[in-house]
Amino acid sequence: MIEFQNVSMVYPSGTVALRNVNLTIEDGEFVFIVGKSGAGKTTLTKLLMCEERVSGGKLRVGNFKLEKLPKRKVPYLRRTMGVVFQDFRLFGNKTVYENVAFALRVIGERPSVIKQKVPAFLNLVELTDKADRFPDELSGGEQQRVAFARALVNNPQMIIADEPTGNVDPEMSSELMDLLMRVNRLGKTVIVVTHERNLVNHYNKRVVTIQDGEVASDRAGGYDE
Amino acid sequence: MRIIRNFFYLIGQGFVGVFRNSIMSTASILILVCCMLVIGTFTLVIAGVNQSLEQVKDLNVIMAYISPSAGDEQIADMQKRIVDYSEGVKCVFVSKEEGLEKLREDFGDDLYIGAYFDPEGSDEESGVTHTIRANPLPDSFEITFENDVQPEALNNFVSTLKIEVMNPNGVMETVSGITDTRHRIGLVEKFSNARKGMVVLAGLLLAVLLVVSLFVIMNTVRLGMFARRDEIAVMQYVGATKTFVVMPFIVEGVIIGLVAAVLAFIVQYYLYTYVITDIALSYGLGTLPPFGGSAKFIGGAFLGVGLFAGVIASGISVKRYLNA
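Taken in order, these protein sequences are the chains called A and B.
Residues in the first sequence are numbered from 1 upward in steps of one, following our numbering.
Residues in the second sequence are numbered from 1 upward in steps of one, following our numbering.
To be clear, the hints were calculated from the coordinates, so they are not data collected in a lab.
Treat the hints with caution; some may be incorrect.
Have a look at the derived ranges for each label pair, beta carbon to beta carbon [claimed, not checked]:
hint: 1; chain 1: A; residue 1: Arg53; chain 2: B; residue 2: Lys196; range: 51 to 57 Å
hint: 2; chain 1: A; residue 1: Glu3; chain 2: B; residue 2: Asn323; range: 49 to 55 Å
hint: 3; chain 1: B; residue 1: Lys190; chain 2: A; residue 2: Lys71; range: 42 to 48 Å
hint: 4; chain 1: A; residue 1: Ser13; chain 2: B; residue 2: Val275; range: 34 to 40 Å
hint: 5; chain 1: A; residue 1: Asp136; chain 2: B; residue 2: Lys319; range: 56 to 62 Å
hint: 6; chain 1: B; residue 1: Leu307; chain 2: A; residue 2: Asp218; range: 40 to 46 Å
Here are the simulated lysine-lysine pairs, BS3-like style, with alpha carbons at most 25 Å apart [what the hints assert, rightly or not]:
hint: 7; chain 1: A; residue 1: Lys46; chain 2: B; residue 2: Lys319
hint: 8; chain 1: A; residue 1: Lys94; chain 2: A; residue 2: Lys71
hint: 9; chain 1: A; residue 1: Lys73; chain 2: B; residue 2: Lys242
hint: 10; chain 1: B; residue 1: Lys242; chain 2: A; residue 2: Lys71
hint: 11; chain 1: B; residue 1: Lys90; chain 2: B; residue 2: Lys102
hint: 12; chain 1: A; residue 1: Lys58; chain 2: A; residue 2: Lys46
hint: 13; chain 1: B; residue 1: Lys80; chain 2: A; residue 2: Lys94
hint: 14; chain 1: A; residue 1: Lys73; chain 2: A; residue 2: Lys58
hint: 15; chain 1: B; residue 1: Lys102; chain 2: A; residue 2: Lys68
hint: 16; chain 1: A; residue 1: Lys46; chain 2: B; residue 2: Lys242
hint: 17; chain 1: A; residue 1: Lys65; chain 2: B; residue 2: Lys90
hint: 18; chain 1: B; residue 1: Lys90; chain 2: A; residue 2: Lys71
hint: 19; chain 1: B; residue 1: Lys319; chain 2: B; residue 2: Lys296
hint: 20; chain 1: A; residue 1: Lys65; chain 2: A; residue 2: Lys36
hint: 21; chain 1: B; residue 1: Lys319; chain 2: A; residue 2: Lys73
hint: 22; chain 1: B; residue 1: Lys242; chain 2: A; residue 2: Lys68
hint: 23; chain 1: A; residue 1: Lys68; chain 2: A; residue 2: Lys46
None of the values given here were measured: they were computed from a predicted structure.
Yeah, the Cβ is synthetic: ideal placement off N, Cα and C, and Gly gets one too.
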């Protein structure tokens with residue numbers, strides 16, 4: 001479970017990114033986080049990954065109390081979540097297979113497990129035949145699917161996708177969203193940060209709207225700007 | 001098992017980093033090699049000076065020439081007083097005959113001390129008149145002493161030894177028992193000072209060059225980290241521990257340091273054996289000790305400097321980058 005209790009976040013420059021955010025996301029939920037640019041959506045995900053620290057309030061992610069989580073324990077928090085970015089963040093000098101295997105390598109997984117898991121997840125994102133290709137030989141949608149495979153391969157409890165469809169065509173956007181739905185049906189918590197209203201409205205899921213650093217609305221269904 | 005697996009993976013990643021960043025790695029290695037060569041050359045030259053110093057210290061000798069007025073008893077008394085001066089002082093009486101014999105041994109046919117009686121020599125060839133003269137050398141003491149004895153003080157003590165003799169008027173008077181002394185105390189001091197100066201200079205150079213090496217490796221590692229910033233970010237997102245992120249860069253620094261140490265050792269051997277030794281000989285500095293005698297120390301020092309520079313420099317770079 002994720003729980004924000006009166007969470008505030010002020011950057012060192014003095015910019016107030018979040019103000020008294022109260023939000024609870026249950027295990028296995030699918031949530032869209034929406035809002036205009038600069039509203040505080042990305043800050044919210046950064047707090048979840050412990051890339052930034054809360055300035056006030058309490059933040060729980062599973063058993064982790066993020067407001068007082070020691071630095072050395074941050075990697076273990078991040079192993080409970082898979083992250084997907086708008087710009088994919090793949091390694092250009094590694095093949096598709098190596099990019100996915102890297103996430104397992106980082107946590108010291110056995111080579112036999114890597115050999116078994118990576119093909120399975122490449123199959124899940126339908127990229128088995130492109131395992132030996134490099135990212136720049138793939139389309140935007142295919143690159144994002146590699147990023148999805150890498151995010152999922154560690155079997156995380158939640159997926160955080162920050163504008164996952166920002167760099168792909170509408171058709172591929174739907175495919176990626178379908179993939180996230182499938183992952184959610186497997187019991188994983190999925191948090192999608194986006195500002196694409198059509199996409200959000202297409203799926204009848206919980207939508208949290210962030211506006212000027214505050215939760216402006218939290219409801220199931222559509223997204224009205 | 002996981003630790004071992006990660007260890008080999010991270011070592012491999014360190015090598016990958018060195019090759020990926022090959023130009024800067026090569027520059028770092030070359031600069032480090034130059035630094036080590038300067039340090040090594042100084043060390044070897046200091047070892048040479050030390051050897052010379054030891055040889056000079058073997059000459060911890062004062063020759064004290066005994067007054068012709070001194071009789072056997074007075075000579076024996078002075079010898080006892082010299083030996084009693086301090087522990088580590090030895091005093092051997094050298095008669096004028098022994099002194100002359102020693103001189104002849106040292107100089108052979110080149111010896112010519114005025115004219116003295118040589119029963120086997122012929123004066124006709126040299127034109128020297130047959131004159132039987134007394135051996136011109138005085139009796140002497142050969143005083144040797146250990147390094148912990150202050151040579152100046154001993155020399156002063158010996159120079160001022162007095163004896164009592166009866167003058168022609170039959171009156172006892174006190175006169176100097178020693179007419180003169182010869183020693184090489186100044187030479188020891190000069191060598192010692194030269195060595196001290198070189199040690200200080202080498203120390204300063206070592207400090208400066210270490211700092212230079214640190215900066216060069218820091219820069220190399222930092223460039224490597226900058227080039228791999230996206231990779232580092234993704235590593236952190238997927239849950240890599242700090243050790244996992246940092247280790248390849250530390251390994252990279254260590255590899256640079258070790259390669260530089262090995263190269264510097266090889267170059268130092270040839271430089272010393274075939275260049276520096278010849279230069280020392282041609283400038284009359286004598287024969288420098290062979291490289292083998294200092295090889296272990298030089299090798300160890302190079303490895304130490306290389307490892308220290310590699311680990312510290314990459315450690316600082318990594319820490320600064322990750323905290324930025």
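Quick rundown of the hints versus the structure:
Separated by about 56 Å at the C-beta atoms, Arg53 (chain A) and Lys196 (chain B) satisfy the suggested range of 51 to 57 Å. The given range of 49 to 55 Å is broken by Glu3 (chain A) and Asn323 (chain B), whose C-beta atoms sit roughly 30 Å from each other. For Lys190 (chain B) and Lys71 (chain A), the hinted distance range of 42 to 48 Å is not satisfied, since their beta carbons lie about 60 Å from each other. A C-beta distance of roughly 60 Å is found between Ser13 (chain A) and Val275 (chain B), which places it outside the suggested range of 34 to 40 Å.
Between Asp136 (chain A) and Lys319 (chain B) the Cβ separation comes to about 33 Å, which falls outside the hinted range of 56 to 62 Å. A C-beta distance of roughly 57 Å is found between Leu307 (chain B) and Asp218 (chain A), which places it outside the suggested range of 40 to 46 Å. A hinted pair counts as satisfied when its Cα atoms are at most 25 Å apart, and Lys46 (chain A) with Lys319 (chain B) qualifies at roughly 22 Å. For the hint pairing Lys94 (chain A) with Lys71 (chain A), the CA-to-CA distance comes to about 29 Å; that exceeds 25 Å, so the pair is violated.
Of the supplied pair hints, the one linking Lys73 (chain A) and Lys242 (chain B) holds, its CA atoms being roughly 10 Å apart against a limit of 25 Å. For the suggested pair Lys242 (chain B) and Lys71 (chain A), the alpha carbons sit about 9 Å apart, so the restraint of at most 25 Å is met. Distance check on the hinted pair: Lys90 (chain B) and Lys102 (chain B) sit about 19 Å apart at the alpha-carbon level, within 25 Å; holds. For the given pair, Lys58 (chain A) sits about 15 Å from Lys46 (chain A) by alpha-carbon distance, which is consistent with the 25 Å threshold.
With a CA separation close to 88 Å, the supplied pair Lys80 (chain B) and Lys94 (chain A) exceeds the 25 Å bound. Taking the CA atoms of Lys73 (chain A) and Lys58 (chain A), the gap is near 17 Å; set against the 25 Å cutoff, the hint holds. Proposed proximity of Lys102 (chain B) and Lys68 (chain A) is contradicted: the alpha carbons are some 89 Å apart, above 25 Å. This hinted pair checks out: Lys46 (chain A) and Lys242 (chain B) have alpha carbons roughly 18 Å apart, not beyond 25 Å.
Restraint check: the Cα-Cα separation between Lys65 (chain A) and Lys90 (chain B) comes to about 82 Å, which exceeds 25 Å; the hinted pair is violated. This hinted pair does not check out: Lys90 (chain B) and Lys71 (chain A) have alpha carbons roughly 72 Å apart, beyond 25 Å. For the proposed pair Lys319 (chain B) and Lys296 (chain B), the alpha carbon gap of about 34 Å is over 25 Å, so the pair is violated. For the hint linking Lys65 (chain A) to Lys36 (chain A), the alpha-carbon distance of about 28 Å lies beyond 25 Å, and the restraint is violated.
Restraint check for Lys319 (chain B) and Lys73 (chain A): satisfied, since their Cα atoms lie roughly 18 Å apart, inside the 25 Å limit. Proposed proximity of Lys242 (chain B) and Lys68 (chain A) is supported: the alpha carbons are some 18 Å apart, at most 25 Å. Pair hint Lys68 (chain A) plus Lys46 (chain A) holds up; C-alpha atoms about 15 Å apart against a cutoff of 25 Å.
The earlier numbered hints that this structure contradicts are 2, 3, 4, 5, 6, 8, 13, 15, 17, 18, 19 and 20.
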